[in-house]
Each structure stands twice: as C-alpha cells, then as structure tokens.
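K.L.:
One-letter residues, chain by chain:
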Amino acid sequence: MGSDQYHEPPDELPAETRTFARLCASLTEEAEAIGWYEQRLAVESDRSAAAIMRDAQGEEFKHFCMDLEFLLRRTPLWRDIARGILFQEGDIVEHGEEAEEAAVEGAAEQGAPVAGSDSLGVGSLKGAPH
Amino acid sequence: MSHLLREHAPITAAGWERIDQEARERLTPGLAARKLVDFSGPLGWQYSATSLGRIEPVKKVPFDGITAVRRRVLPLVELRADFALSRGELADGDRGAEDVDFGSLDAAAKNLVIAENTAVFHGWPAAGILGMAEVSTQKPIPLGDDCAKYPRHVAAAVDALRSEGIAGPYGVALGPAAHQRVLETSEHGGYPLLEHLREIVDGSLVWSPGVNGAVVMSLRGGDFLFESGEDISVGFDRLEGEAVHLYLEESFTFRVVTPEAAVSLTG
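Note that the protein sequences, when read in sequence, are chains F and Y. If you use our numbering, the first sequence closes out at 130, no skipped numbers anywhere. If you use our numbering, the second sequence closes out at 267, no skipped numbers anywhere.
So here's chain Y without its partners, still in its complex pose (with noise of 0.2 Å):
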C-alpha cells in the first residue's frame, strides 16, 4: 500500500477515476512551468534531494590531521492541498450522476497550479527554490499596463537574451493579467496582439497563474530544471461524518541553471 492510502477511503474504483479525471482536466491548463521548463522524474516518493555535485566547507573538524567538507544537495519540498469531498455526491456519482460537486478539488487543484508556478517563476526561498525572475541577471523589463507596448517589451528581452549568447526559441509565461489584456487586444488592421508575440518568440506563450507580469525565457533546454519526486497525486486523509478528506500532493524541486536565459517583464 502507498503512503497515499487510497484503499482506506471509502470510494470505488469508479470513483477514484472520476476523482483523478477532474484533478487532472483542472490542474493541466494551468501548469505553466512543466510547459516551459525541463522537467524530469517522477522519481518516487522516497526521493529526498537534487544532488548538486558542489561541495561546502566543514568549519570544524575535531580530528587531528583531518580536513572536511560537505556535499550540497538540493532538498525536495513537498506541497499538499487539501479537499473534502461528499460521499452522498460520490455515491451519486456511482448512478451516473454527470454533475457531481467537485467544487472542494478544484479549489485545492488551483492553489496547487498557483504554487508551482510562483516558486518556479518568483522562487519561495523559505523552501529553498530559487526562482526565474529573482536570480535572472537581465536587466528586468517594466511591463506596464499599455498592450501597445507589448510588443516592444517582449522583442528587447528576446534581444536581450541573444545578446548574451542564449538561443531560441523562446517562451512567456503571462500573469493572468497581462494574458487577458493581449488576448482581448488586436493591433492596427486587426491582427491579433497573442499571434505578433508568439512570431517574436518563435515559441510558445503561456498563460500561467502565480506570475506576476511576466517571464521571457529559453527554451532551448538545459537552462531550468524541474526535478519531480512524487508526481501530483491524489490521497485519502480521514473520513469526518459525511465528508471523505484527500489531498493533491506532491513533491520536487527547482533550479536555475542558467540565470541569464530568463528575461523578468514586471507588472
């Protein structure tokens, strides 16, 4: 059995399907790192740590003759959202019920997008990620609220990164702010703002919760590394009353590599 308990819950085959299914249509739009950085794993839940092949210093050595130092790893975090969920909506679900009230997952399912997103994008040093923007060298890109600009914005940070020796194509991830200004904007003519952007970059334009403005970067691979533990998952907490209690979860971490092939376009 997994840590994850779900035979302890009181759902049916069927119903961990259906549960899985609507985790997976609500977490997949917004999961904007994995559509833009390297990701590799899941390499289980007994996963512990990123080694860094870096050493740090052993200050003091009580042994006579003896130098020390110390690997330095990477420590996986683990993110857990939870929900609850009816059994009467779930037995419903079982008669064929279509409209089962799912309203508690999808809660927790875009919290879990929300928080991905923030440490790959912004970092969460409390966790020890390093974000994008934050260890970025560029020169951030003041974003404002003008569509017109847009365009502009986004070529000096592809101009940016060329200058610096980093190749295409590359990628935006769009705070959902700024995603909503470009799709609703057509430029002279009526060509869409989203089509002008995407022919700069030559890549993909993402929209992804948790950014704040947003992030021009590489995607030519090997600069950002997104390193899965245990791959988003669904598990059983505890059965209060009528309410089934579970959790998305998961872990990893994240690293920057390259710390100029990102370009920050603040909000």
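Next comes chain F alone, as it looks inside the complex (with noise of 0.2 Å):
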C-alpha cells in the first residue's frame, strides 16, 4: 500500500519527485473526503451531526488547499496556470486555454526545468536585469 502511489519504481526516483507523487495522493484523498461529506450532508436530516459533517468537510477544504498550495510552490508552470484559472471571473475552459497556453510558451522560452527536475532552473535570463 506504502508504494502504490508511485507508478514507477520508487528507488529510482529523487526524494523530491517522491514528495511531490505522496502530496498529490494526499491531494486527491482530500477531494474525495470532500466529495464525500457533500454527499453525507445532503441525505443527513440531524442538525446536529450535519453541522459536524460540515466542519469536518471544513478541515478537508483546508488540507486540500495546503496540499494544492505546496504543489503549486513546486511547479512554477502549474503555479501559472493555475493563476490564470484560479478565482477569475468568465468562462473557465476559456481561461484555461489561455493559461496553458502563455504558461507552456513562457515556460519553453525560459527554459523552465520539468517538474521534479534537481537542476536550479536558472534557463534563459533573457530580460532579467542587467
């Protein structure tokens, strides 16, 4: 069970890829906890165990959140899609394509190291100051 969150040979991955795969199996359990208290909440007709249910769904809203933000910290080209997409206003899918899409260029044009990469990710410096 330990290792199934890894989908190649755990040996041969670099301590932070492991981290990384263990926060997002951490990341997806949240959101399966949270799907399932919305689930319990609808059917649940006793006031005072659906206000439980709900500040236990408040928990998994904030472990989510931190497992999503130390991912993000991560990943800078996950961390500039995300804040194309994240809290905006508009079409969603709309915004996603235009996230990706900068995001992926910029990356590529600064040479960004993929995720998980042990390199500094210094890349292009091209306007960076002089």
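Heads up, some of the hints might be wrong.
[To be verified] Derived pair list, reagent style DSS-like, types lysine-lysine, alpha-carbon separation capped at 30 Å:
(1) Lys139(Y) - Lys126(F)
(2) Lys149(Y) - Lys126(F)
(3) Lys60(Y) - Lys126(F)
(4) Lys149(Y) - Lys139(Y)
[Unchecked claim] Derived contacts from chain Y toward chain F, CB cut-off under 8 Å, selection only:
(5) Ser2
(6) Arg26
(7) Phe39
(8) Pro42
(9) Arg95
(10) Ser233
Because the hints were derived from the structure by calculation, they are not lab data. Beta carbons: idealized from backbone N, C-alpha and C, even for Gly.
Each of the two chains sits in its own frame; use the hints to bring them together as a complex.
P.N.:
Written as structure tokens, this is what we have:
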C-alpha cells in the first residue's frame, strides 16, 4: 500500500519526486473526502450531525488547499496556469486554454525545468535585470 | 535517483533549498550569455550532441560499390565546479543561522559563470566551441581605456552590423573592466554614459565576467544558439570528515549561425 502512489519504482525516483507524489496522493484523498462529506450532508437530516460533518468538511477544504499550494510552489508551470484560472470571473474553459498557452510558451522560452528536476532552473535570462 | 546523487548527501531538504538558492543568487547576475543569446533546453543529462544537419566524407570505404558520408554533430561539453561545505555550517543553517558560510560555493559559481561566458563570447577550441568574437567576420574595433570614445566605438559597431543587413535591437556584453569604467563615467552635463550607450544599441548592456573588452551583437534572435543539456545543478560527490564535497554542473554547447551578427570591441 505504501508504494501504491508511485507509478515508477520508488528506488529510482529522486526524494523531491517522491515527496511530490505523496502530496499529489494526499490532494486526491482530500478531494475524495470533500465529495464524500458533500454526499453525507445531502442526505443527513440530523442538524447536529450535519454541523459536525460540515466542520469536518471545512478541515478537508483546508487540507486540500495546503496540499495544492505546496504543489504549486514546487511547480512554477502549474502555478502559472493556476494563476490564470483560479479566482477569475468568466468562462473557465477559455481561461484554461489561455493560461496554458501563455504559461507553456513562457516556460519554453525561459528554459524551465520539468517538474521534479534537480536543476536550479536558471534557464534563459533574457529580460532579467543586468 | 539522478546521477547527481543528492539523496546520498547528509543534507536536509531545507539545507538543499538553501544551497540551491545561494547558487541561483550567485550565478544569475553574471550569466551574461543567457541574457543575450538564444537559449534552448534543458534537454536532459542524457542529451549528448546537437545535430548540425551537415555531413563529412568518410575517406576510406572498404566495400565495393559503396560511397559513404558521416553526419556532423556538435557534442555537448560537461562543466563541473567543485566545492565543499562544512557539515557544522549546514547544521547551523538548519538551526536557523542566517550567515551560513557558502564561500566555497560562491567561488565555484564565479568559476562556472566565467567559463560559460568565455566559451560563448571567446570560444573554447578544445571543447569544440567557437566563440562569437573569434568567428565574427566583422573587423574588430579597439575599445581602449578612454571612455569618452566608447559611444563612438559602439555606434561604429552598430553601424557595421546594420550595413551587413543585421537588424536590431542590439546588445553589448561588457567585460568587467569596461563595465566599471562605463558605470563610473558621466558625460558632459552629467548624463550617465551607460544610458547613452543603451540608447545607441536600443537594447541591453550586460556585465559579462569572462569577456575581454566587449562584444556588440544583434538580439533579433536566430544568430547565436546556446543549447542546454542539463541546466546548472548541484550534485553530491563525497563526504570527507566534516566536509561535504559537492559540485555545480551543467552540459551545453554553443554555436554561431551568423558570424557577421557580432562585432568584437577588443580590450
């Protein structure tokens, strides 16, 4: 069970990638829990029980957001795409397409490292201060 | 596990973050080539050579009825700058010390910066890299020590590029000595020389450790190609008593596509 979250042999993965995978698994579990509480709340008629479950679901919201923030901090490309989609008014799909295009093109121009790379991510410095 | 063997080092995750951050901060100001030439990659540690799309003859073909040619490639060069950190200093960093001694890392970063810039601007024949100053077909312009003449020299270089049909904007890689002279100089009326030179080139003036004199070049793109295999990374070598031996490493190659797109201002 402990290594189910890995798609590749854990021994061959860098420590940073194993941590990344653990947090991805945690994010998935928090999202599942949020969905389960949503279903329980939809059918619960006892107000006290519903209040406890609503409180518990709030905890899962917090855990999900902390996991997500950790992953975004470790993955600049993901963060750039998220920035174009999250907390925006308007068409989500449209924002998604635009954010992906801008972020991927920008990353390619800057020589961004792939997720989990050990590189310092210096890449291109065109446009950097002199 | 990557070939950098970072997991084998007696360094905490927070320690690695501090080392990487220090390296980034020390490298970025001086990596002049990356501020002026086209950068592609990183293409990975296993990437070994750039295809040049050209062939060379194979002189001896010991088979009847067969002719043969061989593809030409430009192999990547691996650069490595060793340094060592004290385990005690790293432990103090984990305790919250803000003044961890990274002197050895800083010196290694400086060496790597100078090596990368020198290879790009002046070449490194033994590694198969031809620098932009040495392959330029433009006549070199003596730069000299007299800053009052710098605008004239830079303008002459820009003029030479334009006359060959090389469009701007243009940039200048200024060696440390020339850069310092420019920074210290104001023209008549107090106008900074740096700003005057920027206006002439309509682009960037970049402090370039490793550059002798200066190089004026087009920034239009497509003329100077830096190809990165593994971008600069920190790896673990060995543990020796109190010292953790690490290294900065990168693999890259560089080639000039348009030799007339740069003018060397000789120091």
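K.L.:
Each hint should be assessed against the structure and marked as holding or not.
P.N.:
Tested hints:
Between Lys139(Y) and Lys126(F) the alpha-carbon distance is near 27 Å, which keeps this suggested pair within the 30 Å criterion. Between Lys149(Y) and Lys126(F) the alpha-carbon distance is near 28 Å, which keeps this suggested pair within the 30 Å criterion. As the CA atoms of Lys60(Y) and Lys126(F) are separated by approximately 46 Å, the hinted pair breaks the 30 Å bound. Simply put, Lys149(Y) and Lys139(Y) have alpha-carbon atoms about 18 Å apart, close enough for the 30 Å limit, and the pair holds.
Taking 8 Å as the C-beta contact cut-off toward chain F, the hint placing Ser2(Y) at the interface holds, the least distance being around 5 Å. Interface restraint check: Arg26(Y) against chain F, minimum CB-CB distance 10 Å, threshold 8 Å, status violated. Satisfaction of the interface hint for Phe39(Y) is found here, the shortest Cβ-Cβ separation to chain F being roughly 4 Å, below the 8 Å cut-off. With its C-beta approaching chain F no nearer than about 6 Å, Pro42(Y) sits inside the 8 Å limit, and its interface hint holds.
Interface restraint check: Arg95(Y) against chain F, minimum CB-CB distance 22 Å, threshold 8 Å, status violated. Checking Ser233(Y) against chain F by beta carbon gives a least distance of about 5 Å; that is within 8 Å, so the hint holds.
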